[in-house]
Amino acid sequence: MYDLLSELFPICRSITGDGVRESYDIIERVISLCRTEVATGTKAFDWAVPKEWNVREAYVIGPEGDRVIDFANNNLHLLGYCKPIVETMSLSKLKEHLYTLEDQPDVVPYRTSYYDENWGFCLAHSQYASLIEGDYKVVVDATLEDGSMTYAETLIEGRLDEEVLITCYTCHPSMCNDSLSGVVVATYLADYLRQFDLKYSYRILFAPETIGSITWLSRNEARTDSILCGLVVTCCGDSGKLTYKRSRRGDTVIDVAAEHVLRHSCKDYLIEDFFPYGSDERQFCSPGFNMAVGSLMRTRYGAYKEYHSSGDDLSFVNAESLGDTIQKYIEIIDILEHNTTYVTTNPKCEPQLGKRGLYSKIGPTNPQSELIMLWLLNLCDGESSLLDIAEKAGSPFSSVRRVADNLVKHGLLVKDDLE
Amino acid sequence: MYDLLSELFPICRSITGDGVRESYDIIERVISLCRTEVATGTKAFDWAVPKEWNVREAYVIGPEGDRVIDFANNNLHLLGYCKPIVETMSLSKLKEHLYTLEDQPDVVPYRTSYYDENWGFCLAHSQYASLIEGDYKVVVDATLEDGSMTYAETLIEGRLDEEVLITCYTCHPSMCNDSLSGVVVATYLADYLRQFDLKYSYRILFAPETIGSITWLSRNEARTDSILCGLVVTCCGDSGKLTYKRSRRGDTVIDVAAEHVLRHSCKDYLIEDFFPYGSDERQFCSPGFNMAVGSLMRTRYGAYKEYHSSGDDLSFVNAESLGDTIQKYIEIIDILEHNTTYVTTNPKCEPQLGKRGLYSKIGPTNPQSELIMLWLLNLCDGESSLLDIAEKAGSPFSSVRRVADNLVKHGLLVKDDLE
Amino acid sequence: MYDLLSELFPICRSITGDGVRESYDIIERVISLCRTEVATGTKAFDWAVPKEWNVREAYVIGPEGDRVIDFANNNLHLLGYCKPIVETMSLSKLKEHLYTLEDQPDVVPYRTSYYDENWGFCLAHSQYASLIEGDYKVVVDATLEDGSMTYAETLIEGRLDEEVLITCYTCHPSMCNDSLSGVVVATYLADYLRQFDLKYSYRILFAPETIGSITWLSRNEARTDSILCGLVVTCCGDSGKLTYKRSRRGDTVIDVAAEHVLRHSCKDYLIEDFFPYGSDERQFCSPGFNMAVGSLMRTRYGAYKEYHSSGDDLSFVNAESLGDTIQKYIEIIDILEHNTTYVTTNPKCEPQLGKRGLYSKIGPTNPQSELIMLWLLNLCDGESSLLDIAEKAGSPFSSVRRVADNLVKHGLLVKDDLE
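Those protein sequences? They're chains A, B and C, same order as listed.
With positions in the first sequence counted from 1, the corresponding number in my numbering is that position plus 97.
With positions in the second sequence counted from 1, the corresponding number in my numbering is that position plus 97.
With positions in the third sequence counted from 1, the corresponding number in my numbering is that position plus 97.
Note that these hints are calculated values from the structure, not bench results.
Owing to the predicted nature of the structure, the values given are computational and were not obtained by experimental measurement.
One copy or two, it doesn't matter: identical chains are merged, so the pair holds either way.
Heads up, simulated DSBU-like pairs for lysine-lysine below, C-alpha to C-alpha not over 30 Å straight-line: (1) K506 / K140; (2) K452 / K192; (3) K512 / K140; (4) K402 / K425; (5) K489 / K338.
For reference, chain A alone in the conformation it holds in the complex (with noise of 0.2 Å):
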């Protein structure tokens, strides 16, 4: 993942543009993908889709002649959607362009102007204090006009029709954890999950934000209906604690499941309430939808003060942060797959456990099987799936799904007939 993040991160993306057919490019090495493009000017609910945007160079040259400031050497320096421009100004007219961040003088920060047509250039708050006085060169040879916004998807057929959502976005030029992380995570996701024999379809979106999704869900209403639950995958591969944000409902199987897998991880983690800001989860959660979607992340975005700058770099992730995140993924999804409510046989009293081997023949221990077989046989009535069984008996998935196969061996659970 490490590697791929590493190809992608010098590519300058933003929600249109070449950038982002190249990064797919790159993401189908991995795994295919079925491509969308949507012409600019498309409707999408109250939105349209935007000019199509690409830069050859973009660059201002100092009163001494030399390039003070070069998209060539990080694409952060040029205002997202910067329009085309020619202009030789002064240093007063040229600042009122520029963005800084005066607390982190060092670090180049990621501004953007979608919807409102304008030019700017971003850097270092200390490059921009020893700017001299004269004349400025400002040069932005790039496109802005109508084209078309790409997004791409790939499908892992379940048994069931019925879908969960994995969704990335790709607008984000050279940063890595916030949205980069993500889509790493997400191609790796689908390429361990089209080895197996999956219950649920698995949908793996990589899109723009907020554009991307609603041109998605605009043209994906009557889907949505059969899609179970979803998660937003982003801000992956810090060193930080992992981070889950609930969907709007709160109690969806999606939550549980997620809460369920920090909850047994071992490690400190933290748990937010929605809240309407933040990622495509916004637009998943809006009231006339109100999907099952939340979101596993590790730091939160805005939550790290790299964030949206140049310090959100290759050195701020690592591949063990990106291995321990997708692993916590395919547990959730382990969960999604394998969370049966079971009946058992024997609803009045125990069944005899000794008479079939599954009880220590003597003595006092009580090994933790043991104690989850006897919770399993309680709990199973039909009103609890593996999940419900699992958080009331403090034990990990993993030990409850084992322990009830093997009573579904010996007979002693047997599918719910409603399922």
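The hints should help you fit chains B and C onto chain A, whose structure is shown.
Showing chains B and C alone in chain A's frame:
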């Protein structure tokens, strides 16, 4: 308010009598009142209006011929509803009818015997201890005979017949925080409200505690169905923190609104669950009415040592606390008045705020008003009122309302049809 | 109770056999019992009654000719349900059948092998470590053959057929706190209850753990619908704090009543949620029955180091703890018996208590009984039982009941018609 309080303070009020009428005369200089005289013996549910009590003078002459206790000095000296008596007796006989506070030896307690004809005097324990042996002449020149009980009310009519009930009690003699501070807050609240075009009608009720509210309820039973909610106003002037005592139902709009105001007051406060002793909320929240009536106070009756004694005098209350308390009543009423339910016109995905000039063009700042906008657009699904949304967003109602008004102007929210 | 405990202690009980019958003979000196003999092989849901086990003698003769282990000294020495054997063997062969507690080297553990025919001895680890090499002669003169399992019960008939079930288990040999303390508390509770005219009928059940309660349930399935609630009585005599283990439903009347009694006991206590291991509540709370059966103990089985060993002897329990425990059972039953629902005859406003002599005439004192009176008048709306009101008022049930009785006498409360 403090001036009105100072003027009302010396008058001898009780559950009946001319002191109450004189008090209403003074209040009528601020607001107009509609008075009701209810004849002695009139039935009110399980109760009957008692005889009317009026005192001309009352004193005790000591062995040395001087007035050792005199009602003219402090009306608390006389047992409330003391029957007429002229009698000379020994100190020991007298002491059977004297009431003091041994643990606060310098203050005069407040005692009454409304429904059991008796006589008595209250005095400082230090004076009690210094009374010398000898004959004491007790003179109570009072009348306790058929007459009437007076209550008064004012109705500030709003667009709806539905009423908000604000009640205070006018039966306490010279005590400032208990009873009288509520009377002046209720008076000036009425004076304030009548300036506005209001949604609800506001009924401000001045009546003796217990028998007064019971009599009012017995004569206005049919009206109670149209009372949205109410507050008992008392103990408004001490320098302690604010206390909200919940209604019996505990989760009505007045409970949520009052707690919201206190939570956003930036000061420490106290919430108490309903308990069936205290003031007139006992009657409004009796099971046959079970109205949405709570009580907003500062330090609760019984919770300060000056309670029901001469310690609860003009020095115990202050203008600043009275002002802070009435401000909170006004904020609560502001919530009731504007707690509309709106529905988003764009339930599916967020509307595009940028094109309406509602969103920061560049930059990472999300001012509080933008976050509130997102909360409103996400939660205005017809299920949640503005107050519900303010609670979820953790933002003051006034801010949420202001942002909602702006969204209405932009056509992004509309009033719920059902309202 | 301690005398009865001391007399029962030495007897070798198991899930079947003459030791159980002898124990019932002794209990019958206090209360009469109705015994049931269930033949070996009788089916009970998934189980069958096992063979009957009786021991004449059992010992191990060491290389020096003396009895190094002897059942006559302590019946815990013999593995429960040990099969007959006469055999001479080496120390190493013998050791395969010896059970000790390495971390408590001076106590003899309690072990059984009911459903897997085996032989074995239990001994102190210190003795085990000192056994010398040589030949050992093992003699177990026991019978393990078709017979019957004995359980016993007594029904104390009340005015209603609805029953409260009190169960204890009689299958443990010489152990005091686990099992036997419950047996003596149950015995004297039955003896106490039969003096009174009771509302509910009380069934006291003495049976071996697990197979006994399962067999009883299989033969009394129809009766379970008329069982209001129940308690499993065990671990009543140690000096630890009281523990209440909730029923599976967790919020039944027995749960509320037991927690109420512990909360008002003025002593520290423990509440545990239901878990499906432990004692016979496992069967009563199996999903097909899901009865309102909890368990009131002192230190829970498994939570003290003397559990299931010779450490759980007469010195581990004391008369005072037994007395305190039975007192709590009596208080819980007192609540069940008197947990009436009353309705106020004055739902609209408070009734006038003063004219009925129910309220302090003068003065600020509100004794606890007046506050309880106000709670009752406010909450007796037909929705809340006396126990519900005691919980809301934070007052002991007995006080609330006493005040309620007084209000009934004054015609202010009447029994709910629906009851």
